[in-house]
Amino acid sequence: MRKEIPLAVTFVVGIVAVLAVYTGQSQAVRGMDQWFVTSTAFAVFLGAISQVSHHLRVVRNKRPNWQYSIVLLLALLTWTGVGIWDKAGGPRYTWLFSTFVVPLGATVGSLLAFYIGSAAYRAFRARNLDAAILLISGMIVMLGKAPIGEVISPFFSTATSWILDVPNTSVMRAINLGVFVGTMVQAVKILLGIERSHLGSSAK
Amino acid sequence: MPLIVAGKTVQFLIVVALLLSALVMIPRIRSGRHVPEIRRLPAMDAIDEAVGRATEMGKPIVYSPGTPERIDDAQTFASLGILSHVAKQAAKYDCDLIVTCNGAWLHPLLDEVVRQAYISEGKQDSYRPDSVRFLAENLSAYASGVLGILNREGAAVNMMIGAWWAQSLILAEGGFHTGAIQIGATAHTHQIAFFVTACDYCLIGEEIYAAGAYIGREPVLVGTLLIQDYGKLVMAAVILLGVILAAFDKQQALIDLIRK
Amino acid sequence: MGFFDWMQKIDRRWLYLLVFMSVAIPVVKPMGLPISIGKETEGFFAAIDALNPGDVMILTPEYGAAQVPEVGSMTTSAFRQAMNKGVRVLIFGVWPDGQGPTIAQGACEAISDELGKTYGVDWVNLGYKPGLDVTLKKMVDDVWEAAVGVDIKGNALESLPMMQDVRKAADCKLVANINIHGFGLEKTMAFIGIPTGMTVIGGNGAAGITEVIPYFRSGQLQGLLMGMRGAAEYEILVQKPGRAVVGMDAQSAAHVTIIIFVILANIGYLLEKRTKAAKAAGR
Amino acid sequence: MTTTQLWIAGIGTLAIYSFLIKENPVYRFFEFLLVGAGSAHLIVNTYHNYLRPTVANTIIRDGNYSMIIPICLGLLMYTRFIPGQGHISRLPMAFWLGIGSGYLLAYNPGPFIGQLTASFWKPNSVNNIISAVLLLSTLLYFIFTVGPQSRGWKAYSIVSKVGRTGIMVALGAAFGSTVMARLSNLLGRVQFLLIDWLKIAQ
Numbered sequence: 010m011r012k013e014i015p016l017a018v019t020f021v022v023g024i025v026a027v028l029a030v031y032t033g034q035s036q037a038v039r040g041m042d043q044w045f046v047t048s049t050a051f052a053v054f055l056g057a058i059s060q061v062s063h064h065l066r067v068v069r070n071k072r073p074n075w076q077y078s079i080v081l082l083l084a085l086l087t088w089t090g091v092g093i094w095d096k097a098g099g100p101r102y103t104w105l106f107s108t109f110v111v112p113l114g115a116t117v118g119s120l121l122a123f124y125i126g127s128a129a130y131r132a133f134r135a136r137n138l139d140a141a142i143l144l145i146s147g148m149i150v151m152l153g154k155a156p157i158g159e160v161i162s163p164f165f166s167t168a169t170s171w172i173l174d175v176p177n178t179s180v181m182r183a184i185n186l187g188v189f190v191g192t193m194v195q196a197v198k199i200l201l202g203i204e205r206s207h208l209g210s211s212a213k
Numbered sequence: 184m185p186l187i188v189a190g191k192t193v194q195f196l197i198v199v200a201l202l203l204s205a206l207v208m209i210p211r212i213r214s215g216r217h218v219p220e221i222r223r224l225p226a227m228d229a230i231d232e233a234v235g236r237a238t239e240m241g242k243p244i245v246y247s248p249g250t251p252e253r254i255d256d257a258q259t260f261a262s263l264g265i266l267s268h269v270a271k272q273a274a275k276y277d278c279d280l281i282v283t284c285n286g287a288w289l290h291p292l293l294d295e296v297v298r299q300a301y302i303s304e305g306k307q308d309s310y311r312p313d314s315v316r317f318l319a320e321n322l323s324a325y326a327s328g329v330l331g332i333l334n335r336e337g338a339a340v341n342m343m344i345g346a347w348w349a350q351s352l353i354l355a356e357g358g359f360h361t362g363a364i365q366i367g368a369t370a371h372t373h374q375i376a377f378f379v380t381a382c383d384y385c386l387i388g389e390e391i392y393a394a395g396a397y398i399g400r401e402p403v404l405v406g407t408l409l410i411q412d413y414g415k416l417v418m419a420a421v422i423l424l425g426v427i428l429a430a431f432d433k434q435q436a437l438i439d440l441i442r443k
Numbered sequence: 339m340g341f342f343d344w345m346q347k348i349d350r351r352w353l354y355l356l357v358f359m360s361v362a363i364p365v366v367k368p369m370g371l372p373i374s375i376g377k378e379t380e381g382f383f384a385a386i387d388a389l390n391p392g393d394v395m396i397l398t399p400e401y402g403a404a405q406v407p408e409v410g411s412m413t414t415s416a417f418r419q420a421m422n423k424g425v426r427v428l429i430f431g432v433w434p435d436g437q438g439p440t441i442a443q444g445a446c447e448a449i450s451d452e453l454g455k456t457y458g459v460d461w462v463n464l465g466y467k468p469g470l471d472v473t474l475k476k477m478v479d480d481v482w483e484a485a486v487g488v489d490i491k492g493n494a495l496e497s498l499p500m501m502q503d504v505r506k507a508a509d510c511k512l513v514a515n516i517n518i519h520g521f522g523l524e525k526t527m528a529f530i531g532i533p534t535g536m537t538v539i540g541g542n543g544a545a546g547i548t549e550v551i552p553y554f555r556s557g558q559l560q561g562l563l564m565g566m567r568g569a570a571e572y573e574i575l576v577q578k579p580g581r582a583v584v585g586m587d588a589q590s591a592a593h594v595t596i597i598i599f600v601i602l603a604n605i606g607y608l609l610e611k612r613t614k615a616a617k618a619a620g621r
Numbered sequence: 077m078t079t080t081q082l083w084i085a086g087i088g089t090l091a092i093y094s095f096l097i098k099e100n101p102v103y104r105f106f107e108f109l110l111v112g113a114g115s116a117h118l119i120v121n122t123y124h125n126y127l128r129p130t131v132a133n134t135i136i137r138d139g140n141y142s143m144i145i146p147i148c149l150g151l152l153m154y155t156r157f158i159p160g161q162g163h164i165s166r167l168p169m170a171f172w173l174g175i176g177s178g179y180l181l182a183y184n185p186g187p188f189i190g191q192l193t194a195s196f197w198k199p200n201s202v203n204n205i206i207s208a209v210l211l212l213s214t215l216l217y218f219i220f221t222v223g224p225q226s227r228g229w230k231a232y233s234i235v236s237k238v239g240r241t242g243i244m245v246a247l248g249a250a251f252g253s254t255v256m257a258r259l260s261n262l263l264g265r266v267q268f269l270l271i272d273w274l275k276i277a278q
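In order, the protein sequence lines correspond to chains F, Z, U and P. Heads up: the first sequence begins at 10 in my numbering, then just goes up one per residue. Heads up: the second sequence begins at 184 in my numbering, then just goes up one per residue. Heads up: the third sequence begins at 339 in my numbering, then just goes up one per residue. Heads up: the fourth sequence begins at 77 in my numbering, then just goes up one per residue.
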């Protein structure tokens, strides 16, 4: 029963959702939608709880770098505390958010630019025809998308437009169509209970 | 009043067709009545060669299954299938295998796959529990952890197979510098290019699923692959028909039909 | 040790420094290279321009702090264009990190003050609402229910005059989705654009752009801003050149630096391969 | 941004960049701080924008007591943390997956149909012919249940080679675009450092 009930729930709810939309009755399942959103919203603390328990364990066992786990826990506590106590979108929380989260998040994201630089120099090789085609097309697009490309030669922006409009559109469309079939089949398998990995057993 | 909303009839038929094909095909494959041929992929053939080289050099294979965000990421399942094959080969030739891992939930899955592989080769004694290593949840910490392993242990083979994000670049460069044979695979289009230019062998996009099905021969995966292939063939046929009709300016009838 | 051997062994921190300088020098001393405007950006501008004063458009900023430099100005430029035109704007986000609407709020408040517009009358920010796709569907059925009756500041929607005209997504004329992966645009089309028949336009970080270009070609997207270049072109169109425009010089220099890296490294690689081949032949 | 904010953000930015020289405690401090604060943001926003109004307005003010059921359903997820009771969390999960896959099957075909009908290129120009050929050959490249024993294997091999070449051109475009995206992020930070904080450029 531990598996049958969830499988039945998935099947019934999924079929209702499919039929509601295809028969034009999507308004009729508004209650179900509301249940979905509300129940997912109330599960929002899941990630934080496992994060907290993981880092508490690190601190308790004095694993390497446990001091930083304390920093993480304190930050989580402070930001949550101030955010909940402050009214929605309140000035204190906004201050914390725009002083720390926005600039630091952006900086961490920008580290990748440096890695690209070193990888471009040390690892991107035209080791075979595939890689050669890829690198050439990539460099044309980079020049075509930067204003300097047009200054050097109008070829770059024309070629970039062509690459994006013709080969890229066709190939990415084919890939998107493939992904479309893939996600549809995955959804069908979940509805039918063929895919059960989320129930804690593998598909086998 | 029509049962199906105008403009959604064909879409509804697609859903019905998929439901039926899943109900029919997967049991057929499971019972062994219909086992399709799956084409070989050069990157998969390269695994055996890579394991051979690692054995010869006496250096380890480092396998990293990506940094999936969710447990139900299909790429991770494909990666587990491939890992099982790699682990069997490593067990057979007594080659060192190090599996890196960034999610606490992923660790037991990887461990189980590797252990089973060693048992199936009758080498449970040479299985070492520390061959699957949980490095860090945090992505940049994980990436530097893998770099550390690649350098310290002098990896002979660096396999990066699974759901990769921006860290793909860091590992591919690190592996390139240790001189390891590199095999990369991911379905994320924005990361494939880095693998193509920095790896010796590379699986592009959906090839990772095919590789997983090819190696594991697991009926659900094979069946899924078969249904998807039929789906793509039907789409290709429709597009071809559309292009032919367009040559005679008659494609509108087909478009109207599809939009029914 | 030859030149190319040395090249291969260079400390990566020198490379980091070169990348940094290639971006920093043009920021200090801009060259002012001309920027031409692509058809995708023109489509985006024209779609908002075609709205009438008083119409409502939906703007969904779906990105986190890390992507603000690349796509943040798309949101503010679109907001500015709408305000200038007298188009009212409804902002919300469903993406799980929930940062986009919060980041947009500050920037939009500044523009709103500058142009003498009033929050609640000319624009409303509902903030982050959990529930992903299903919340997008709910917006089509009932915006108020999807928002559980409150905006980002906790105001009741009853107290906001603009919201009296917005009960369902179909009361809006256009949806503009600004995001970093193509995924957000596909969802916007599937769950809001197609069911309501409204115009969909999008802005995308460059990393996911190649995946969504097919939707612009097919006409399913009426406009598309492609990465920081798209943001710069759009800043020019709304006549408020900002960080993206002045950044284009640095972008040029950095691209050239990376290309030089790739070329140098590949020359080294080819020479090395040739030397090895020659040695093997000589043995 | 006020001066205090600028200085905190500026020092934080430099601290994170110090990682490029060598991994160090200051970098780690800011990185862990960021992860903690990021998780908090989701909780704070969900609380103010959804949880509190649902309880205070929908249930208490409007008397819609049926909403207590989905709240309980969501709370069942936390049984994962109770040893031996984790299987109960499959119930909300099953409900979510049912709705999620149902709507996927219902709404996903929309954009897809538009893509399909937009691919009927009239073969009257070189570009249109290239487009059609590449679309078809890429679709066929990603077909896997074929092999040397299949009918038409030779033809398939040729078509898939064409497909692979097209795929490499497109991946090149993705490569260039991804490089651009990363450089844009760096550019944003350099502008912050030099223009907003140190004011040595404008």
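Bear in mind the hints are in silico, worked out from the structure with no lab data behind them. Treat the hints with caution; some may be incorrect.
[Claimed, not checked] Listed next, the stretches of chain F that the computed footprint assigns to chain P, with coverage defined by at least 3 CB atoms under 8 Å from CB atoms of chain P:
(1) 41–54
(2) 71–85
(3) 88–102
(4) 172–186
(5) 193–200
Note that CB positions come from ideal geometry on N, CA and C, so glycine has one too.
Violated hints - listed by number, lowest first: none
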